[in-house]
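Novice: Residue strings, one per chain:
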Amino acid sequence: MSLSPQDLKQLFRRLLLIRRFEEEAFRLAVAGKFANYHGGMGQEAIPVGACYGLKPTDNTMITHRGLGVLLTRGVPVGEIFAGLYAKESCPTRGRHPIFHMAAPELGILAGTTMVGSVIPLATGAALAARIQGKSDVTISFFGDGSVNRGDFHEGINLGAVRKLPIVYFCENNFYAKSMPLEASTAGGNIVSRAQGYGLPSEVVDGNDVVAVYEATQRAVARARAGDGPTFIECLTYRWTPHSTAGDREFSRTDEELAGWKAKCPVMRLRKQLIAAGHASAQELDAVDLDIQREVAEGVEFAEAAPYAAPGVALENVYL
Amino acid sequence: MHEISYQQAIIEAMVEEMRRDEAVVLMGEDVGTFGGLTGTTVGIIEEFGDTRVLEMPISECGFVGASVGAALKGVRPIVELGLADVSLVAMDQLVNSAAKMNYFHDGVASASAVYRLWSGFRPSGGAQMSQSNEAMFAHVPGLKVVMPSTPRDVKGLLKAAIRDDNPVIFFEPKGCYALLGEVPEDDEVIPLGQAQVKCSGADVSVIATGVMVGKALTVAKKLAAEGIEVEVVDPRTLRPLDTETLVASACKTGRVVLAQEASQFCGYCAEIAALLADQAFDSLKAPIKRVGGAETPVPLSPRMEPLVVPGEAAIEAAIHSVLG
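So the sequence lines, in the order shown, correspond to chains A and B. Residue numbers in the first sequence follow this note's numbering, run continuously in steps of one, and reach 319 at the last position. Residue numbers in the second sequence follow this note's numbering, run continuously in steps of one, and reach 1324 at the last position.
Chain A extracted, bound-state conformation:
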């Protein structure tokens, strides 16, 4: 469970991969290469910390901003770019946004567009493990915008009352699209809602990848041991607009954004690695160059990938 220097460097690599991927995705979306991208820049520590210790048989279900989960669980960079380009060379095959991607061999079940509706779905994946006598754990990712949905309450209640092997994972970036948390969510905080269902709960610094990892591992161990769900609320901040589809900025101030940028999860781990003597700046710069090359190759792959034939639209509506 404790992280070696080697693990920390792996975490750094994954954080930076998400960052570089998203920078490129934003650039390409704005350049009109594909229609839209829902970014989560600044939130990289959450998918990396949450997914780093999972087994491929564990399930994850994501939100619109689940790119980091897809990357950390092992979907190749090129395939995801191909998904954004709506090309064939992605499990989505040009039919769905990437957050509907399914890759069961990597433990990835399709997420949904309806905010919060993955929570009951993920609870069902955990219910299946219980019925089938398996030790698989499910992580249900959702944002602060989900917590006023009935699905949040119905799903978590069901998971809690049946003590299912699931981690309810709230990425609280303080804005549901443009709606500030304090204007949308009564009670002053989110975690007390889970506590109302009797769940062990933690509020974690969502920009500290090690803290996210450790909290998730505690929750996963609890779930695997049959002790039921845990609720984790990660506090973080989205640097980027809701999406690239011409969204206007809203009530966020420059000062607020600057304050959170100072807490950048990637820079934070980089400094830790260097300060602890686990890596030199040069070594980490080399990792960065390697990642930039991987991202560039992914874009090349997507650019060259074929579009699916229109007839693909009609496949597997029914099995």
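Some hints could be false.
Said to hold, decoys possible - Between beta-carbon pairs, the in silico distance windows are: (1) Val-1089(B) - Asp-285(A): 53 to 59 Å; (2) Pro-200(A) - Gly-1311(B): 57 to 63 Å; (3) Gln-292(A) - Gln-1279(B): 57 to 63 Å; (4) Pro-200(A) - Gln-1128(B): 36 to 42 Å.
It should be emphasised that the hints constitute simulated quantities derived from the structure, not laboratory data. Every value quoted in this text rests on a predicted model; they were computed, and no experiment measured them. Glycine included, C-beta positions come from ideal geometry on N, C-alpha and C.
Starting from the known structure of chain A, arrange chain B on it as the hints suggest.
Specialist: Same frame as chain A, now just chain B:
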């Protein structure tokens, strides 16, 4: 063969399928020792225990969503939603999740679940306990929709629905529950998507769904004595629809009455009318007539029932109308 009720046939189908395949589980409100709102889960928890009979809190979005998630991992849930009206609470999970998950997973996982809906008129039920909302679901690509009208059909079709890898919305009209009928002792599975000619006739086709099938058969018997031969056809599966059998009947008789319990506007029969206009137009000798419920929420008082719920008289009148 043995004679059992429609309700008993549902129990037999579920029990036999749960014995056959341990992936099949039963979920819903009060489905344990209470026996289900519909009385169709009686005795099941006693045989299969509470790992396969999962009593759910009143939270339809929650447990319908969970049934879809469990199905993606290989469980085959039968979800008793009780009243068809209740399905509307879970519409997001049924239409946005269940219906799309096979498409999202592209063949690598399936939302193989059956949603059992107790539909239609119930004496003194009122507006939220009496709806027939099959057309809402039949509209959705990705869903299959079944509405059996006899004990034999409900057993064979429920077995097929449970074995199907797609989400199936399974309508069980309340008016059919007490019907008795012969059901084979062996494992009869009636494939989804096959209509059945319930009685053959040369003069007029009545294509009826659910509880209207029995009413049409009663009318057919009565009119036979008057020398009018009525053919009654039951689609049984509303999606996918056996268009061939329906078109063949329309072409044979040239006169068509469509009958549904649901209110008529934008109802399922409109789809059949469009089908026949497209594929049987040259054979039709009269305009297609529809029989359906009144354009109103279903009221409480049994005295209002005859005005709101379509009955045999309405079918008979429609038949005379198309015969000219």
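Novice: For a quick check of understanding: which of the numbered hints are violated here, in increasing order?
Specialist: none
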